[in-house]
Amino acid sequence: MNADTQALVTINIDSLDYKVKAGTNLLEACLGLAKDLPYFCWHPAMGSVGSCRQCAVQVFQDQEDTRGRMAMACMTPVSEGMIISLNHQQAKQFRQQCIEVIMANHPHDCPVCEEGGECHLQDMTLQSGHALRRYKGAKKTYNNQDMGPCIGHEMNRCISCYRCVRFYQDYAGGDDLVTLGSRENVYFGRHEDGCLDSYFSGNLVEVCPTGVFYDKPFSNSFNRKWDLQSAPSICSHCSIGCNLSVGSRQGKVKRITNRYHGQINGYFLCDRGRYGYSYNNSEQRLTQCEVTPENSPMVSTDYAATLDYVGQIFTELGQQNVLALGSANASLEDNLALQSLVGKENFYGAVSAHQSHAQSRVTQQLQRATIHTPSLKQIEQADGIIILGEDLLHSAPRMALSVRQASRNLGLEQAAQVGIASWQDESVRIHTQDRRSPIICVTCGGSELADISALNLQLTPSQITSFTLALTSHLAGQPESHDLPAEVIALVHQAAELLAGAKRPLVISGTSSNQPALIDAAAELSLGLANMAQSQAWLSYSLSASNSMGLSLLQDEAHHLEQLQQRINSSPEPLALMVLQTDWLAFQDAAMATAMQQKLQHLIVIDQLPSATSRAADVVIACASLHESEGTLVNHEGRAQRYFAAYEPASLQPAWRSLANLTRWLTEQQPKTSTASQQALAQCQHFDDMSRLVSQLNTAFKHWDQVAPNADFRIAGMKIPRQSHRYSGRTSIYADIDVSERKQPLDEDSALAFTMEGSPVNPAAALIPQVWSPGWNSNEAINKFQAEIDGPLKGGDPGLRILDHQDTPPSTPANLPILMLNKGELLAVSQGRMFDSEPLSAMASALRQRCTSAVASIHPDTAAQFNLQEGHQVSICLGKSQWQLPVSFDSAMPLQSLLLPAQWHAPIHASRLPAAVTVKPTQQEAN
Amino acid sequence: MLKKLLHVGYLIWDYIYSNLLTLWTVASHTFSKADTVEYPDQMPYLAPRFRGRIVLTRDPSGEERCVACNLCASACPTDCIALQKTEDETGRWSAEYFRINFSRCVFCGLCEEACPTYAIQLTQDFELAEYQRQNLVYEKHHLLIDGPGKHPDYSFYELSGKAVSGRAKGAGKHEAPPVDVKSLLP
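Chains A and B, in that order, are what the protein sequence lines are.
If you count the first sequence from 1, position 64 lands on 64 in our numbering, and the numbers rise without skipping.
If you count the second sequence from 1, position 117 lands on 117 in our numbering, and the numbers rise without skipping.
Chain B on its own, in the form it takes in the complex (with noise of 0.2 Å):
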């Protein structure tokens, strides 16, 4: 008889006991930093080199920088990259459409990496969130900015050694002016 009142009083205390240390646990935090943020008051730290939304750039004189060579589409190891290259009336190669489908995309980064151009750089941006999965694909109306990003003086033109618009053979720079195939002086 002893034995069981003694076993029904100590299960009274225990789960006293628990209740207690739960609700001074829960008080005690009260008082301590939060480790959440107010997200979207107050935004995240991102580090230097995040990789966040894909964008397309432009060069230094307001051209797109992306020439459609497809390296990135070939980098890609989700296959989300898909583009199409067209050429104007002076030779200068661009992409027809460029389009990602961020809903594959995992954010390596290796498009950037094997981007010879710079054209295609990943951002700080991390807000991609859509109700609709279809709203993921970015075409290149939506991947293309203004700016250069983050290699200013880049333009990949001056040194490739073909003559597009506003820029003859031999205009380039580290470029001897075209061979003269007529001469015969030394």
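Extracted from the complex, chain A is given alone in its bound form (with noise of 0.2 Å):
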């Protein structure tokens, strides 16, 4: 950000004066000042390239000129005293010309196009005048292509904005969508029928300003985007916390769309996050509480009967002999009403103890005051990155994506030293050719952005965290005095010298190699680096889990879910565990997952999907789903995010209400017992108490109240409203049922209303349901709600940031035991896969049929000393867990280690690695 970026010029627009900011394009400037001006081509996030003509403005010498000449606004640069016209005759005329020569060919099929409705083409075809098509001849048709399951293909549909390819191969760095063809032959697509390769593939679906590419899960039960009752939601497939639109219609989630967050995702999604809702809508969702008491067939009960059943287990057992298991995966209020129910002694995290001393030290390098933990969009302004044991691509895809850009700036730097704006794409691709700023790659299984990165290195999680303080030494110019071999030291200067010219370097690394050492070298490293640079340490983590954050800013990191074992196990009274939306059984070892399932009492869930936890269960308690229920979750960077419930589910209540109710039963029992948490948990009835009740809690959570609007939140005394102005069929959709009309469920959790009454403005940005302005029926509608363009939206993005900085330096870390190999034995290292790492979105079909199929991958010296050929299965065993993979050779894993896939019912869970495991070849060849 130079000076003069920031500066103002005046500019004139059709003879009015206007002050808008030097350096960008007419186009950016006409839209940020709220001028509908037609554009296809261009995007915020992509820049110009001015192939479409649509922009046309007329531009004009000076005060006297009256003809002007013609300019596309996305390609000129504003400039001090310009004068412009968005309404000159000619320029009109262009652009109506413009539209109708694309519509010469477009299909007459918007009553079968996915897109219709929310098309930009539509929009801008409106906007310009064309009504009529006057050419008579046949209209040009295109065959289209098969790819995969969550992508459709219209080809004959398409304007050759090059869009698709720009966002596809450019943005996101995918090579099989090309353009094909020549002169007006050109087509867009795969050079044969297959699935589209990249994780950022839903986004071509936004990024297309007509239905070429459409949402397959979303067409197969498809309404329009009026007919959807939408609402703001958070992405908890991971732990970048994205913002989501979820649109619903008849108690189903029909789609997710990306919600514009001009610090976290901006306008691109990862696939993850789009096409992972199905486990809403699955028929094994669990409908109703179940009772089943030992040693008798299992009867289904009501809810209230089911409540009083747990309170007589607390009364039987003793409130001290209730431990509860609270869930990363789960809002920070579910967690909390939990952990206030049986009290903070008896609650844990459902993360393994390297996990959670990982995530605590995390917590405690963020709250440094030297340390600065940058948003996404601030990760795409760094220009050296290096990334400490994590495949991002897999564990946290959106910061992959913005890492992607990142590695961009060096490029920019030099295209605007020869006056090429950053704005001018095609002018600063040609400009930078292959040049990247340096990115750096030190994972154990290798990293998928290895086509960007300077430096790509595979070692053990040990080695990867000496290598990091290697690093820091060096660049202290202090000798490294660690025991890495020389030719990883040689390296370690590589990278050094790599990351000497950045003048905002950032280290990326995470909890999902477990290892909570190599969470304070990354620390010390980014400080390192920030002296060395004179600029801030940036430092940036990701995290296991979407709610990782906010599960250990709320637990005690010494209770996880080895301290739960052995206290389950050491108890001589019996105890009784209450599990919250966690398979917590999958993470144990087999036969310790009998032993403690015999030495519980009574084990309840409180989960939405039927689990091995909840089959093992006496009590299942069935809960509201996430886009069913109101929550916080704290992302990666400490950002407390709300969701809201995207339409109100038949009977199921957010698991915070049914543990409320609970603890209302509990403190009317025994008011002698209960706990002062209990008392102020038995007073919330509403989602708004439980914000209340967070905020007491501890300081991290005191402006609590200031991550979204509360209920009471009005505009104009109206609240706002999830359907959408033309939402169709109200007197009709349930009149199969009954013709009366059921009354519109009550919303008394937020400001949201489940109608259509209610503000058409909205101010508040963590409310707003989905896009729409008039004339504006597509995404790009956003240009309406942003402050400026590209920038944050009106009112600042929603969510707050709630990691305070902290005089107190972090603490010791705790000693954990070293893992140390024998001989026979293997370091197993997980490694993360995108679509079916985390348990719910990789119920989604459609990300299923995606997945690779899972190997263990070992380097061929080290599997000639363990007889391992090729292909042939081999069985790997971890205490009394036992899996059967086959094997691939990768020459370039470090030696004595196995690669397995961190796949989420794996017999060995990924939380119980790295380990050190036997491998036994299996005679029979892997089919």
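Be aware that a few hints might be false.
[Claimed, not checked] Simulated pairs of lysine to any residue, SDA-like, Cα-Cα distance not exceeding 25 Å:
| hint | chain 1 | residue 1 | chain 2 | residue 2 |
| --- | --- | --- | --- | --- |
| 1 | A | K216 | B | R92 |
| 2 | B | K169 | A | K21 |
| 3 | A | K139 | B | Y118 |
| 4 | B | K182 | A | Y187 |
| 5 | B | K173 | A | N144 |
| 6 | A | K136 | A | D170 |
| 7 | A | K92 | A | T66 |
| 8 | A | K920 | A | L878 |
| 9 | B | K140 | A | L878 |
| 10 | A | K216 | A | C851 |
| 11 | A | K21 | A | D36 |
| 12 | A | K136 | B | P177 |
Keep in mind that the hints were calculated from the coordinates and are not lab data.
Now that you have both chains on their own, put them together as the hints suggest.
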């Protein structure tokens, strides 16, 4: 950000003077002034190429000039005293003629087009005034391609704006969607039918101004945009916390689209976030409470009777003997309710010891005053990045996309030196060629960002920590006193050289390798780099789950799974365990799980879907899903963000409400033994009461009421409608059940309404259900909601960063057992997988079809030692757990280690790794 | 006294006169033309554009015309149309369910105007009365008729450019054969 981009210039548009930001282009300036100027090829995040000729304006030499000359607004930089006209007859006519030519071949299929009603081409055609096709010739047609389970293809609709390939190749780094053909026969597709490889392919649906690429799962049970009941939501499939708009109808989630957030996801989502919602509509969903007393058949009971039964358990065993397991996938409110019910000392987090400590180190490091954790938007400004121990494309896909943008900074800088503005997309790319800002990836299993990284190393997790420490020492000019081989030391020097020129260096690490020491080492490296570059220390961590940060702020780091296991095994008294939205037994060694199950008198599960744990439980309390309730998640940078229910579930309660009801029962039955936190929870009726409870909890949460407007928020006395003003079928949608219309459900937990009545304007950024503006039916309408184009939303981007800087230095890390390899053992390390690492999104059939087959990767030399052959099955043992996988050779893998896919349902769960395993070849060949 | 007698006499006359007048008027109508019709033995005249019961029509080849585009539902001022799109294996869109709540319908005809495929049409039938209000909810199988209705020749899929069963890309009206991407010929 240099000073002149912040300066303002005065331009005259249609005889009125406006002040606009210098350095931008005219189109951006006009849209920023809420003017309607049509465009297709320009995209706020991808810049201008000037190919569609839609944004023509008339530019005048001076006040005397009445004829002017035509210019494409997206390719014209603003300058002081510029005089332009949008409404000049010549420009208007030109725009109309351009649309007419585009429409000459556009098919007559809007009624059967998934984009119809939210189509940028429809909007721009109307805006330009073109109405009648005068050309009488035949329309061009194209054959379509099968692009896999997520994206549909209808090439007839293409207007050749090139946005798809510019996003897919230039922005997201994909290489299998290309421009084919020549002249007027250009074709946007793959070289042959097949699934699109990119993890960001879903964005093509929103990037395409018309319906060439459409959302296939949504198309299967399609509704028009105006018929969707939408709510602002937060993605729960990784720790980034991208903002989503969830569209639902008739009690089913129909689709997810991007909800712009200036600091986080911007305009793009990953496919896991976009398509991972199917679990919500699953037939398997738990719909009622179930009580199965021991040795008796299952009795389905009603809600009140179940709470009674659980209450009896508390009375029977004594409150001190009821333990609880919170979840990093559940909202902070749900976890807090559980913690308030059982007490802090009985509340455990569903994370392993290493994970828990790593997470706690993250929180402490990010609270240091000298360290700044950048948002994704800021990550895009870094010009030297080192990624330690994370395969970012799998663990935090959206962050990987930001890293990819950051790698362009060298090119942008070089282009700026010769006077090319950053939005001159094609010119910048031609000038840059392949030069990139240095990206260094240090992982165990390899990084999928290899194509943009200057250095791509594969080391074992403990070596990664040593590498980081060595690099820090080297930067400080101290000798590296670490037990690294000489060739790795050479790489340390190479990495230091690469990062030497960075003005805004960034260190990215994370908890997926379960190494608390790496977390601290990464923080020291970021301080070292900052010292060298004379800048702020930028440090970002990717965490394991959507609310890992929230859970770590709530729970004591020593209250982890192993501790719980110990407590259960050593307790002389009978115990009960309440498990919140976690498949607890899946984390365990098979034998250990059975043993603990036998020790427990009662197992109470609060969940939305059945799991091994819920099948073993004697009480199951069905709860509402994320799309059916309100809650708050704290993302990887400590930003608390609220999600809202898209629709009212028929009979399910959010987990916090069931827990509050249970607590109310308890405090009424046993007023003497109830604790203060139980009494506080018993008072909670509505979501805002829960929020208040959170804000009183500790100082990190003190501004909890600022995360999003509370339920009393009104605009001119009105709530904000979840339904559009043209929501159809109100009097007939349920008429088959009863011709008398049912009452619209009331929402007492938020400022949103489950109806179409309410405020037509929407100034609260956290409460935008879906973007729409008169004349702008597509998601491009977002420019009417932004304070500046590609900048923050009006009223500021939603969410609240809750990590205060603390003066106290981080505590000394706990001593954890050091992993030692015995003879005949291998170090098993997990590798994140985009589509089946996270249990909820892995249920989506569209994503399941895109999973690659699971293999165990190993270095060929190590494989030879253990008599393993490529393609053959190997049996992997960890404790009593066994896993059979085909072997795959990877000569980049570190020696003596074995890379296992982090599938959520794997017999050896990723949270138990890294660990020493034994392997045994089974003679049979993998099919 | 006289005054009183005269007044009573006037009242009696007035009474008799009024009754006689009424009788005369009624009797005189015996010979005039009746305003009512003998419904249902005699059907009333309906204008050609009369808007009665809504039907869903089929295209000339006998396929359902409705492509479940939702425009009728969004045009409906009483929101009494609800439907859900589904798709067959060849890519042809149709309605999974199509429901009209006739107890809410005002027969304004906006759905017919909005329909891009001439599928939904208002007919001359107005005899919809039911004893149970629930029976006024018409599902797709109640609405679908066998013929094309008012526009006998129109077939949307011939003009849409979309490939559906029996019609490949480029085989519709006003369509060129699919572009050969690999050709370099001018």
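Status of each hint after checking the structure:
1. A/K216 to B/R92: 14 Å, holds
2. B/K169 to A/K21: 48 Å, violated
3. A/K139 to B/Y118: 22 Å, holds
4. B/K182 to A/Y187: Within the cut-off at roughly 10 Å; holds.
5. B/K173 to A/N144: 19 Å, holds
6. A/K136 to A/D170: Not satisfied, since the Cα-Cα distance of roughly 37 Å exceeds 25 Å.
7. A/K92 to A/T66: With a Cα-Cα distance of about 16 Å, the restraint between A/K92 and A/T66 holds, given a limit of 25 Å.
8. A/K920 to A/L878: OK: A/K920 and A/L878 at ~12 Å, within 25 Å.
9. B/K140 to A/L878: 59 Å, violated
10. A/K216 to A/C851: Distance of about 17 Å is within 25 Å: holds.
11. A/K21 to A/D36: 18 Å, holds
12. A/K136 to B/P177: 16 Å, holds
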